[in-house]
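Work out the full structure, taking the sequences as your base and the hints as a guide.
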Amino acid sequence: MPELPEVETMVRGIRPFVEGRTVKAVLRCRCSCKPISIRPRLELLAKRLVGRRIESVRRLGKRVVLGVSDGSAVVIEPRMTGLMLLSDPPDRLHLRIEWKFAGRAKYNSIWFWDRRGLGTVRLFAPGELERTLPANVLGPDALLMDAETWRERCRKTSQPIKVLLLDQRKVAGIGNLYASEILHVAKIHPAKAAGRLKADEIRRLSEATREVLEEAIRDEGSTLGDATYRTALNRNGRYQNKHRVYGRGDETCPTCSEAPIRRFVQAQRSTFFCPVCQHR
DNA sequence: ATTAATGTTCAGAA
DNA sequence: TTTCTGAACATTAA
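Taking the numbering used here, I'd label the letters of the first sequence as residues 271 to 550.
Just to be clear, a hint being listed does not mean it is correct.
Said to hold, decoys possible - Straight-line Cα separation of at most 30 Å, DSBU-like style, residue types lysine-lysine; simulated pairs:
id	residue 1	residue 2
1	Lys317	Lys376
2	Lys512	Lys462
3	Lys426	Lys462
4	Lys468	Lys512
5	Lys317	Lys370
6	Lys317	Lys294
7	Lys457	Lys426
8	Lys370	Lys426
9	Lys317	Lys304
What the hints contain is simulated information worked out from the structure, not anything from laboratory work. Note that the structure is predicted; figures quoted are calculated from it, not measured.
Okay, here's the thing in structure tokens:
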């Protein structure tokens with residue numbers, strides 16, 4: 271499930287083989303499943319991109335953005351199971367789009383692979399991305415948040431802090447897995463109202479967010495047992511080995527060794543926490 | 001064999 | 001305005 275660390279890993283993985291290169295072709299991969307959402311349709315997308323250079327590869331929240339030489343931008347949204355790959359997809363059946371580049375390097379293509387097919391690919395005209403995703407739609411990046419920004423974002427809301435962490439308008443990049451991990455490190459109960467967090471809880475939240483996300487990036491993200499996330503070069507992430515609570519219901523808390531991790535549902539998603547470390 | 005669960009985003013309802 | 005629910009989809013486990 272690509273969240274900030276996984277998307278950052280994809281971006282860093284493909285960047286050296288994409289930036290500065292000219293698009294030679296954009297191809298639909300043969301795939302018997304329902305087609306994913308591509309706007310404009312693939313033939314038109316190809317026409318707009320072929321012959322142009324990709325000047326930048328960056329991450330916007332949980333999205334991958336390819337900056338094109340004419341000022342337009344390709345935005346890839348992996349959602350649940352989407353991956354950006356340089357080679358070796360988990361299977362060929364769910365390859366969706368291939369971008370081919372002119373010239374010869376170690377890798378001359380990138381692919382968007384997506385098993386469930388909930389991912390999307392969109393071309394934004396110059397300036398359109400800034401208009402479509404203004405600050406009130408996409409909050410500040412989780413890695414750039416300081417304690418003061420956290421305080422402002424959490425103000426005056428009864429939203430449980432775990433639910434707030436998932437709200438991309440409040441803060442961009444955190445998903446279900448890292449929300450549980452961050453709150454455990456910060457020692458904050460996931461159901462606590464964000465607006466009632468004390469100053470030192472806000473400080474811990476700010477520090478835990480950076481700590482968890484940066485370490486997860488160093489470990490190239492989390493590859494769960496039944497999930498399909500891999501790096502651009504078909505490696506497993508390693509951060510799953512360091513998960514403290516996510517997916518560890520009934521296991522003893524690694525921090526206090528005093529209680530089993532508990533699972534409950536918030537906003538229709540699983541939340542994991544330690545009732546001792548994260549009291550009240 | 002059917003059903004639930006998985007977790008991100010958006011449309012539409014409350 | 002804000003908050004919530006269901007749908008999009010494919011696969012696996014129960």
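Hint by hint, here is what the structure shows:
{"no.": "1", "hint": "Lys317 - Lys376", "in the structure": "holds (25 Å)"}
{"no.": "2", "hint": "Lys512 - Lys462", "in the structure": "holds (25 Å)"}
{"no.": "3", "hint": "Lys426 - Lys462", "in the structure": "holds (13 Å)"}
{"no.": "4", "hint": "Lys468 - Lys512", "in the structure": "holds (28 Å)"}
{"no.": "5", "hint": "Lys317 - Lys370", "in the structure": "holds (13 Å)"}
{"no.": "6", "hint": "Lys317 - Lys294", "in the structure": "holds (10 Å)"}
{"no.": "7", "hint": "Lys457 - Lys426", "in the structure": "holds (21 Å)"}
{"no.": "8", "hint": "Lys370 - Lys426", "in the structure": "violated (49 Å)"}
{"no.": "9", "hint": "Lys317 - Lys304", "in the structure": "holds (23 Å)"}
When each numbered hint is compared with the structure, a violation occurs for hint 8 only.
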